[in-house]
Amino acid sequence: NAGVTQTPKFQVLKTGQSMTLQCAQDMNHEYMSWYRQDPGMGLRLIHYSVGAGITDQGEVPNGYNVSRSTTEDFPLRLLSAAPSQTSVYFCASRQQGAKDEAFFGQGTRLTVV
Amino acid sequence: GEDVEQSLFLSVREGDSSVINCTYTDSSSTYLYWYKQEPGAGLQLLTYIFSNMDMKQDQRLTVLLNKKDKHLSLRIADTQTGDSAIYFCAETAPPSNTGKLIFGQGTTLQVKP
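The listed protein sequences correspond, in order, to chains X and S. One point on numbering: in this note's numbering, the residue at position 28 of the first sequence is 28, and numbering is uninterrupted. One point on numbering: in this note's numbering, the residue at position 70 of the second sequence is 70, and numbering is uninterrupted.
Simulated from the structure, these hints should not be mistaken for laboratory data. Certain hints may be false.
[Said to hold, decoys possible] Listed next, the in silico DSS-like pairs over lysine-lysine satisfying Cα-Cα at most 25 angstroms (straight line):
1. K68/S to K56/S
2. K36/S to K56/S
3. K70/S to K56/S
4. K112/S to K36/S
5. K56/S to K99/X
6. K99/X to K36/S
7. K68/S to K99/X
8. K67/S to K36/S
9. K70/S to K36/S
10. K99/X to K70/S
11. K36/S to K9/X
12. K99/X to K112/S
13. K67/S to K56/S
Using the sequences and the accompanying hints, generate a full structural model.
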């Protein structure tokens, strides 16, 4: 049971490049979400999904797109990378119950130069 | 909107108790959580408390909830160097069936030998 798998672990992009951060979970969780972690700001929600085919914006969605074609996968796309998107990105998944634990991936450290 | 606030840093000596505090704004949260992040890793659930409880104890961890003041605390007894990490409190963001979590900024706990 792999849990939540994120790839890549590290990435350097040039300003204006696009890329996709991959996230996959094998726990059949309905809820998946993407957060970015910046020093002193905690985790901020970018986008989330309550099931296949359903996505919604979080607190800081600008510059990012998501899709949820399957229960397992929830990729995050950076359309045109900017230095302000330098951050550590975490994908998380949860089961439906309110008390259920959120499982996090190991994170993707992204640097935009 | 929903907001969760934490102090950013706490330093204690090994063997002392640590108390990490958190305030939140959404009184409708049914569960409140403490997550731990070790260096270079994702977040892992440490403990949680249901909103109709005042206290929850789990081995060295004690969670206190003051719902009137919207204040949550995590006490770690006999703090060890292995407890050095970033601790995040989190609440469920409405609507509760979206699986969204709102995180505080994280408190870095430094344990000195």
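Original post:
Is the straight-line distance between the alpha-carbon of K99/X and that of K36/S 25 angstroms or less?
Top reply: 17 angstroms, holds
Subject >> 25 angstroms Cα cutoff - pair K68/S, K99/X >> reply: At roughly 21 angstroms apart (the allowed maximum being 25 angstroms), K99/X and K68/S satisfy the hint.
Original post:
Within 25 angstroms, alpha carbon to alpha carbon, are K36/S and K56/S?
Top reply: 17 angstroms, holds
**OP:** Given the hint that K67/S pairs with K36/S, test it: the Cα-Cα distance must not exceed 25 angstroms.
**Re:** Between K67/S and K36/S the Cα gap is close to 23 angstroms, so the pair holds against 25 angstroms.
Original post:
Is the hinted pair K68/S and K56/S satisfied, with a Cα-Cα distance of at most 25 angstroms?
Top reply: 17 angstroms, holds
Subject >> Restraint status (C-alpha distance of K36/S to K9/X at most 25 angstroms) >> reply: Roughly 20 angstroms separates the two Cα atoms, so the pair holds.
**OP:** Would you check the hint for K70/S and K36/S, treating anything up to 25 angstroms between C-alpha atoms as holding?
**Re:** 21 angstroms, holds
Subject >> 25 angstroms limit on alpha-carbon distance, applied to hinted pair K67/S and K56/S >> reply: OK: K67/S and K56/S at ~14 angstroms, within 25 angstroms.
**OP:** Decide if the proposed pair is consistent with the structure: K99/X and K112/S, CA atoms, cutoff 25 angstroms inclusive.
**Re:** With a Cα-Cα distance of about 34 angstroms, the restraint between K99/X and K112/S is violated, given a limit of 25 angstroms.
Original post:
CA of K99/X to CA of K70/S, is that 25 angstroms or under?
Top reply: Distance of about 18 angstroms is within 25 angstroms: holds.
Original post:
Are K56/S and K99/X close enough, with their CA atoms no more than 25 angstroms apart?
Top reply: Roughly 14 angstroms between the alpha carbons, so the hint for K56/S and K99/X holds.
Original post:
For the pair supplied as a hint, K70/S and K56/S, is the alpha-carbon distance within the 25 angstroms limit?
Top reply: 16 angstroms, holds
The structure fails hint 12 only (numbered hints given earlier).
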